[in-house]
Amino acid sequence: AQSVTQLGSHVSVSEGALVLLRCNYSSSVPPYLFWYVQYPNQGLQLLLKYTTGATLVKGINGFEAEFKKSETSFHLTKPSAHMSDAAEYFCAVTEETSGSRLTFGEGTQLTVNP
Amino acid sequence: ETGVTQSPTHLIKTRGQQVTLRCSSQSGHNTVSWYQQALGQGPQFIFQYYREEENGRGNFPPRFSGLQFPNYSSELNVNALELDDSALYLCASSRTSGGTDTQYFGPGTRLTVL
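Top to bottom, those sequences are chains X and W. Heads up: the first sequence at position 3 corresponds to 7 in the working numbering, and the numbers run straight through without jumps. Heads up: the second sequence at position 76 corresponds to 109 in the working numbering, and the numbers run straight through without jumps.
A few of these clues could be false.
Quick look at which bits of chain X chain W covers, simulated, 3 or more residues with Cβ under 8 Å [as the list claims (entries may be wrong)]:
1. 46-55
2. 106-114
So the derived label-pair ranges between C-beta atoms look like this [to be verified]:
3. W/Leu147 / X/Ser84: 40 to 48 Å
4. X/Asn45 / W/Thr135: 19 to 27 Å
5. X/Glu75 / W/Gly89: 25 to 33 Å
6. X/Glu68 / W/Ile45: 36 to 44 Å
7. W/Gln50 / X/Glu75: 43 to 51 Å
Note that these hints are calculated values from the structure, not bench results. Beta carbons: idealized from backbone N, C-alpha and C, even for Gly.
With these hints in hand, go ahead and build the complete structure from the sequences.
Written out as C-alpha cells, the structure is:
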C-alpha cells in the first residue's frame, strides 16, 4: 500500500530564504510523485510531478523537487521564498497499479515572514 | 480551455439528509476522481469514474455513491449525512485513468452538516 509522510505540519521562513518542505513515501512499486499547493478556500494546483526519467523535477513558481529512491524522499525546495508562496503544500503518491488514485500527505502550512 | 468546475460552492445540511454535489470535468478528460478533505487534513480518495464506470474506491461506506455521465461530468451523492461528513469535497479530472496522468482539481464544495 502506498503512503506519504510530510515532516512538519508548519514551516516558517523569512522572505528571500530557502524553502524546504519534506516528503517521504512508501510504495511497493515504482511510484509517481506529485506536489500540489492549496491557497485558502481554493482547490489544489499542481506544482510539479515525477513519473520517470530525470530525478530532479522543475515546476511552476520556481519550485523543484528531487526524487531519491534510496531515501524514499521527494522533498520540495525553492531557493528564495516570496510572500505569495504562503499556502498549504501537499505531497501525493500514486502507482500505475492503482490507476490515478492519489494518496496525500497531511500537508505542510508554509508561512513567509517579511 | 475550461477548467474543472464544481457546484455548489457551499452547502449546509442537517444530519440524516441527502446531498448531491456536481462536477464538470476539463475539456478532453474522461476520468473524474472525488476526494474528501476534512479540516486540517490532506484529501482522502473516495472513488474514481472512468468512461461512466466506477474504477476504484477508497475506504468510504456505500452511502457515498457516484455517477458519471456521457459528457464525463459527475455527481457525488451522500445519503444519511453524519456530522463527520462536514468537509471540502474536491473533484479532479484527468485525460485517462493512468497513473502518470495529472489530475486537475476544481475549487471544491464546502459541505457543513449540522
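We went through each hint and held it up to the structure:
1. 46-55: Check passed, 7 qualifying residues.
2. 106-114: holds (count 6)
3. W/Leu147 / X/Ser84: 40 to 48 Å: holds (45 Å)
4. X/Asn45 / W/Thr135: 19 to 27 Å: Distance hint for X/Asn45, W/Thr135 holds at roughly 22 Å.
5. X/Glu75 / W/Gly89: 25 to 33 Å: Between X/Glu75 and W/Gly89, where Cβ atoms are some 29 Å apart, the hint holds.
6. X/Glu68 / W/Ile45: 36 to 44 Å: At 41 Å between Cβs, range holds.
7. W/Gln50 / X/Glu75: 43 to 51 Å: Given about 47 Å between the Cβ atoms, the range holds.
Checked against the numbered hints above, the structure violates none of them.
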